[in-house]
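Generate the whole structure from the sequences, applying the supplied hints.
Protein chains: 2
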Amino acid sequence: MTKAPAMIGVDWGTSNFRAWLMDAAAQPIDSVTSHEGLLKVPRRDFSAALNRACGSWLDRWPALPILMCGMVGSRQGCREAAYLKGDAGAGDLAGATLAITPSPWDVRIVPGVQSVSYDGSQDVMRGEETQIIGAVAMGAPKDGLVCMPGTHSKWVELRDGRIISITTFLTGELFALLRGNSILTGLIEAEGEVASDVGARAFQLGLRMGQDGGALAHKLFSIRARALTGTGSGATAEMLSGLLIGSEIATLHPELADKEIVLIASEGISDRYRTALQQRGIEALSVNGDEACRAGLSAIAREVPEWKVAA
Amino acid sequence: MTKAPAMIGVDWGTSNFRAWLMDAAAQPIDSVTSHEGLLKVPRRDFSAALNRACGSWLDRWPALPILMCGMVGSRQGCREAAYLKGDAGAGDLAGATLAITPSPWDVRIVPGVQSVSYDGSQDVMRGEETQIIGAVAMGAPKDGLVCMPGTHSKWVELRDGRIISITTFLTGELFALLRGNSILTGLIEAEGEVASDVGARAFQLGLRMGQDGGALAHKLFSIRARALTGTGSGATAEMLSGLLIGSEIATLHPELADKEIVLIASEGISDRYRTALQQRGIEALSVNGDEACRAGLSAIAREVPEWKVAA
Numbered sequence: 008m009t010k011a012p013a014m015i016g017v018d019w020g021t022s023n024f025r026a027w028l029m030d031a032a033a034q035p036i037d038s039v040t041s042h043e044g045l046l047k048v049p050r051r052d053f054s055a056a057l058n059r060a061c062g063s064w065l066d067r068w069p070a071l072p073i074l075m076c077g078m079v080g081s082r083q084g085c086r087e088a089a090y091l092k093g094d095a096g097a098g099d100l101a102g103a104t105l106a107i108t109p110s111p112w113d114v115r116i117v118p119g120v121q122s123v124s125y126d127g128s129q130d131v132m133r134g135e136e137t138q139i140i141g142a143v144a145m146g147a148p149k150d151g152l153v154c155m156p157g158t159h160s161k162w163v164e165l166r167d168g169r170i171i172s173i174t175t176f177l178t179g180e181l182f183a184l185l186r187g188n189s190i191l192t193g194l195i196e197a198e199g200e201v202a203s204d205v206g207a208r209a210f211q212l213g214l215r216m217g218q219d220g221g222a223l224a225h226k227l228f229s230i231r232a233r234a235l236t237g238t239g240s241g242a243t244a245e246m247l248s249g250l251l252i253g254s255e256i257a258t259l260h261p262e263l264a265d266k267e268i269v270l271i272a273s274e275g276i277s278d279r280y281r282t283a284l285q286q287r288g289i290e291a292l293s294v295n296g297d298e299a300c301r302a303g304l305s306a307i308a309r310e311v312p313e314w315k316v317a318a
Numbered sequence: 008m009t010k011a012p013a014m015i016g017v018d019w020g021t022s023n024f025r026a027w028l029m030d031a032a033a034q035p036i037d038s039v040t041s042h043e044g045l046l047k048v049p050r051r052d053f054s055a056a057l058n059r060a061c062g063s064w065l066d067r068w069p070a071l072p073i074l075m076c077g078m079v080g081s082r083q084g085c086r087e088a089a090y091l092k093g094d095a096g097a098g099d100l101a102g103a104t105l106a107i108t109p110s111p112w113d114v115r116i117v118p119g120v121q122s123v124s125y126d127g128s129q130d131v132m133r134g135e136e137t138q139i140i141g142a143v144a145m146g147a148p149k150d151g152l153v154c155m156p157g158t159h160s161k162w163v164e165l166r167d168g169r170i171i172s173i174t175t176f177l178t179g180e181l182f183a184l185l186r187g188n189s190i191l192t193g194l195i196e197a198e199g200e201v202a203s204d205v206g207a208r209a210f211q212l213g214l215r216m217g218q219d220g221g222a223l224a225h226k227l228f229s230i231r232a233r234a235l236t237g238t239g240s241g242a243t244a245e246m247l248s249g250l251l252i253g254s255e256i257a258t259l260h261p262e263l264a265d266k267e268i269v270l271i272a273s274e275g276i277s278d279r280y281r282t283a284l285q286q287r288g289i290e291a292l293s294v295n296g297d298e299a300c301r302a303g304l305s306a307i308a309r310e311v312p313e314w315k316v317a318a
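Chains as they are written, first to last, in the numbering used here: chain A, 8 to 318; chain B, 8 to 318.
If you're looking for bench data, these hints aren't it; they were derived computationally from the structure.
If a hint is listed, it holds; no wrong ones were tucked in.
Here are the computed distance ranges between Cβ atoms for each label pair:
id, chain 1, residue 1, chain 2, residue 2, range
1, B, Lys10, A, Glu196, 47 to 55 angstroms
2, B, Lys92, A, Gly193, 21 to 29 angstroms
3, B, Gln83, A, Gly199, 13 to 21 angstroms
4, A, Lys149, B, Leu292, 56 to 64 angstroms
5, B, Lys149, A, Gly275, 50 to 58 angstroms
6, B, Asp37, A, Asp204, 52 to 60 angstroms
7, A, Gly288, B, Arg186, 35 to 43 angstroms
8, B, Pro49, A, Asp204, 38 to 46 angstroms
9, A, Pro261, B, Ala264, 25 to 33 angstroms
10, A, Lys149, B, Lys92, 53 to 61 angstroms
11, B, Arg186, A, Ala70, 46 to 54 angstroms
12, A, Gly237, B, Ala264, 32 to 40 angstroms
13, A, Asn188, B, His260, 25 to 33 angstroms
14, A, Asp219, B, Lys149, 29 to 37 angstroms
For every residue, glycine included, the Cβ atom is placed at its ideal position computed from N, Cα and C.
Here is the structure:
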């Protein structure tokens with residue numbers, strides 16, 4: 008006998024779709040993943056896509072609250088949910104969810120968040136806010152810094168469980184561009200598979216290159232110059248990864264000193280950031296990104312005034 | 008009646024070929040340009056390619072000294088000319104030219120230069136050394152900094168007309184990658200052609216964003232975040248250009264204060280760097296890149312011990 012379902016949570020990005028049937032305590036009863044990301048939905052018929060993925064749940068429990076997060080709330084998505092400005096906690100996000108009407112179901116979208124970056128510029132997120140709320144619901148510190156590595160790495164400052172600052176780095180996107188289409192690409196292809204100890208040393212070397220936080224465009228050429236002058240690392244992609252992550256962490260370093268750091272990520276990338284932080288003498292707590300997303304959807308759904316998700 | 012030819016100078020890169028028939032005073036008598044760059048030479052038969060481009064000169068004056076610079080001396084080129092290490096002036100480069108034998112003609116290649124960067128790393132150039140020697144031959148200061156904007160921007164310190172330090176930035180390559188294949192590409196395409204005053208303001212704004220020299224990966228995302236939050240410049244490509252050039256100049260800024268700056272570049276890119284330097288209160292001298300290359304080939308050829316190029 009399964010537990011009673013209390014809601015459906017959906018993380019819908021540009022390339023992937025994930026959904027969970029959950030009980031009132033955020034425990035998954037069933038789950039679905041598909042590659043029908045937003046950009047792949049025929050005729051932008053998002054209701055049909057949702058029904059394709061979750062039809063068996065929807066047929067049986069058509070009145071369940073459905074909470075969606077991620078790019079589904081962007082201009083490219085189902086309906087644009089304006090960024091929530093200012094401090095954002097679970098209650099603020101719940102109150103700002105966008106109801107999708109007309110719809111055969113009771114669907115809401117979590118808005119993205121707009122906040123100020125460490126350097127005073129405006130910064131944004133969409134989807135990550137839900138993971139952060141989830142991490143706090145799972146017991147992560149309510150005050151400190153959250154690091155969310157990825158295509159666009161985000162460092163988020165929390166105070167009393169609310170998002171008060173966002174700083175995004177193009178780290179993962181730069182890595183992919185430079186690995187695949189730059190003056191470094193030929194080197195990387197020529198090196199092929201590298202031994203893990205060679206890779207680890209090259210990553211460490213890259214971290215040290217990045218640790219003063221400056222002159223990234225010069226250091227990128229430096230990787231090439233090393234190979235041309237016979238002092239290459241033999242693992243250019245690892246060195247590049249280290250340089251980009253090291254440069255990112257260097258920027259935040261003055262902020263890191265006295266704060267608790269929580270890493271929300273999948274395992275592979277989480278290890279790289281853990282290594283980079285350890286090189287600075289910092290130990291981070293880790294939270295799995297998928298679990299955080301599910302926990303966040305549940306925590307926000309429980310605070311939506313129009314819903315009664317809590318047990 | 009034309010002047011007597013004293014040499015042939017060739018600038019042979021991966022995508023283009025240029026050659027000049029010159030008199031002993033570096034004045035061009037005739038010139039040739041073609042798109043037969045090194046990577047496009049069939050069966051890597053460089054003699055045949057040289058003959059296709061310059062056959063009419065070679066038939067008439069088969070014994071003329073031929074001096075080539077650029078990637079023709081790299082591993083991808085005609086013959087690898089090892090980097091000249093240490094201070095490099097016209098005489099050093101002339102003494103280190105690599106004679107191509109066997110050859111139907113009297114051909115030498117100018118070596119590239121390896122030197123130390125401002126941050127202590129090893130850096131390299133191949134082709135630019137000839138332009139620098141040429142700029143000095145044309146009257147540019149023998150002591151100071153030379154800025155050579157481009158795909159790989161170079162800042163070169165000169166002492167008594169010799170290259171003593173090289174710092175390369177991936178600026179132009181990053182610009183092309185980010186304009187064409189990044190999160191900024193959609194914005195740039197949607198903006199289309201922008202008015203020149205809008206472009207100029209966006210470029211200035213980018214320069215200011217870059218002027219502290221740090222956190223490039225964050226500032227790149229910032230350009231995107233501005234557009235998403237309604238404070239975009241309307242000219243994303245110009246802002247990106249300003250950010251990258253501003254970041255480059257910020258790195259060198261402590262070095263710039265008391266030095267004469269010479270810009271060696273084509274006109275379009277030279278204007279951008281001139282604007283960027285002016286924002287720092289620095290006026291640069293300009294030297295045309297093509298003229299500098301020709302003058303450099305002549306100046307180096309005149310010091311090749313085996314040749315008698317001087318009048």
